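Peer 1: Spelled out from the first residue to the last, the chains are:
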Amino acid sequence: MAETGKLSHTAALILHAIAVGYRYGFSIMESTGLPSGTVYPALRRLEAEGLIRSQWEAEAIAEKEQRPPRKYYKTTAAARPVLEASRSRYPLLAALTAPAEEKERV
Amino acid sequence: MNAYLRLLSLLLPAQRRYTWLSEWNAELWHVRSECGFGAAVHLLRGALADARELSALAQKDVSAEWAAVRPRKQSWIQPLAFPLVSLLIMACAAICVPGARDVLLSQSYSAPSSIVLLKDAEQPTIAYATYSEWTRRRQVLFDEFAFYAVQKRYVNGERLRVATASSNLLRMLGLGGFAGDGMYLSYAAAKRLGYPSQVRLGASMVRVQGILPRTTLQLWDDPEAIVLADRLPAGMHGRVLGAVAPGAPDINWGFAVTQSKRPPLRIHVTPLEERVFMPGRAFLFACVILLFALPGTRPLSREDGLRMPMRLRWRPTIFVGVQVLLLLAAAYLGSLAIAMSMALTRPEDVSGPQAFAAFLLLLPTIRLTLRSNRHRCPCCLRKLGHPARVGQPSAAFLNWYGTELLCAQGHGMAHIPDMPTTWFSEPRWMPLDPSWAVLFSQ
Chain A
1 MAETGKLSHT AALILHAIAV GYRYGFSIME STGLPSGTVY PALRRLEAEG
51 LIRSQWEAEA IAEKEQRPPR KYYKTTAAAR PVLEASRSRY PLLAALTAPA
101 EEKERV
Chain B
1 MNAYLRLLSL LLPAQRRYTW LSEWNAELWH VRSECGFGAA VHLLRGALAD
51 ARELSALAQK DVSAEWAAVR PRKQSWIQPL AFPLVSLLIM ACAAICVPGA
101 RDVLLSQSYS APSSIVLLKD AEQPTIAYAT YSEWTRRRQV LFDEFAFYAV
151 QKRYVNGERL RVATASSNLL RMLGLGGFAG DGMYLSYAAA KRLGYPSQVR
201 LGASMVRVQG ILPRTTLQLW DDPEAIVLAD RLPAGMHGRV LGAVAPGAPD
251 INWGFAVTQS KRPPLRIHVT PLEERVFMPG RAFLFACVIL LFALPGTRPL
301 SREDGLRMPM RLRWRPTIFV GVQVLLLLAA AYLGSLAIAM SMALTRPEDV
351 SGPQAFAAFL LLLPTIRLTL RSNRHRCPCC LRKLGHPARV GQPSAAFLNW
401 YGTELLCAQG HGMAHIPDMP TTWFSEPRWM PLDPSWAVLF SQ
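Protein sequences appear in the order of chains A and B. Counting in my numbering, the first sequence runs without a single skipped number right up to 106 at its last residue. Counting in my numbering, the second sequence runs without a single skipped number right up to 442 at its last residue.
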């Protein structure tokens with residue numbers, strides 16, 4: 001696990017985006033303005049460090065809507081102190097990423 | 001796009017490919033359907049970086065799994081198991097092959113190097129009368145001569161090659177304990193006749209004075225029994241052996257003997273040593289060849305050898321030395337068993353196969369031992385573990401890449417380059433100072 005407050009600005013921004021409700025790769029890209037080459041590797045690292053966990057969408061829902069199931073990301077309990085430390089270290093995080101709409105929160 | 005993603009997925013470990021492809025396909029599908037083709041291409045740009053990141057994380061996991069494996073306890077006997085088992089197998093093989101067993105169980109006999117066969121250039125045998133004349137003349141080249149003639153005769157109903165010899169023959173051959181008139185049997189002949197105390201030779205009974213030790217009777221014409229006598233018929237033709245006097249001029253291949261009223265005899269000289277199979281010499285020859293061949297297949301020196309403390313330099317050297325000694329013993333027995341199992345009768349024919357077999361046995365095993373010891377900690381002599389790949393081969397032209405092995409006891413790590421570079425051309429030992437001890441407290 002990453003040490004509290006030691007997250008890079010980009011990683012903190014992505015973690016914050018997930019925490020406020022952007023739950024899949026492309027929406028995180030759009031909300032943060034970061035390229036895919038930054039977002040997806042960062043998601044891998046954050047998951048490896050136990051700050052986020054991924055979950056596949058239920059097959060039944062995807063089949064009903066006739067689309068492939070998507071992989072969603074969610075922050076873990078371990079991410080809370082890291083996020084708080086990151087927010088105090090990077091005060092503009094909240095301003096950079098607006099909370100996701102209700103649709104994104106599904 | 002799918003083909004590109006499939007290609008990138010090859011960077012990943014097999015068990016992660018399907019999940020990774022599913023996620024990216026799903027993302028692309030959604031982006032294409034919601035934002036159009038351009039956004040999908042924009043998204044796809046990050047796939048390579050993602051695949052590389054995931055691949056690196058997977059490698060870390062593998063390293064962590066390696067690290068989680070506790071080193072097995074190693075006893076002192078374990079590294080010596082291979083040479084010891086080899087020695088045991090080869091000893092069994094040597095005992096099972098009759099010829100090799102005879103060589104191993106024989107008393108240590110080596111024919112005196114001064115004994116030579118004197119052969120007339122015209123015919124292989126010399127008359128007893130000529131031999132008698134030589135013994136009476138003052139000698140410059142020789143101390144003494146011995147005579148023997150081999151005939152096939154019936155001994156206790158068995159047809160044997162019996163040598164009738166002058167009484168000094170066995171003494172001259174270095175078998176001083178065997179003296180006195182009578183018959184001396186070779187070990188094989190005595191075994192064949194049932195170790196008799198006297199035998200019927202033709203029409204008369206002859207007392208058996210002794211049984212010659214195994215492998216000692218290596219005379220020309222291969223006699224199986226020797227009858228010593230003070231006087232022999234003057235017309236008898238046989239072999240004449242001479243003991244070259246110390247300090248005599250070098251007779252090399254032969255010399256001429258002047259005779260009164262007759263043309264001089266041209267005598268050829270053949271050392272008896274050529275008849276006696278000396279397995280040690282053939283093996284020694286193989287070892288010398290090995291000394292030249294081994295550095296060609298494996299570098300013997302360590303790049304860091306001179307920088308290491310004396311204690312760390314000697315300990316692995318002694319350890320390797322013990323292993324090599326055991327392997328040498330195993331190869332000696334193995335080569336002897338192989339050479340003797342080829343059923344070659346002439347000793348000079350056995351030496352070649354033995355040397356060849358010894359070389360073939362020694363080269364791979366010693367090479368394997370040296371290689372194995374490169375991966376051993378010089379402090380505790382345990383095998384190094386926790387391999388970690390360092391560097392990327394494709395980008396290592398001016399850099400270096402290879403493997404790092406760690407001593408589980410925390411003594412240090414070995415850098416083993418995959419290819420020689422200006423930085424590392426040979427494996428290098430890097431000792432860890434006591435500040436690292438906290439990592440190895442378990």
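Each hint should be verified, as a subset may be incorrect.
Here are a few chain B residues that face chain A, going by a calculated C-beta distance under 8 angstroms [to be verified]:
#1 21
#2 25
#3 26
#4 27
#5 31
#6 45
#7 57
#8 96
#9 120
#10 122
#11 280
#12 317
#13 318
#14 349
#15 353
Don't read these hints as lab results, they were simulated from the structure. Predicted model, so just to flag it, every value in this text is computed and none were measured. Using N, Cα and C, we set each Cβ at its ideal position, and we do this for glycine too.
Peer 1: Which of the listed hints are broken here?
Peer 2: Hints 1, 8, 9, 10, 11, 12, 13, 14 and 15 are the ones this structure does not satisfy, whereas the remaining hints hold.
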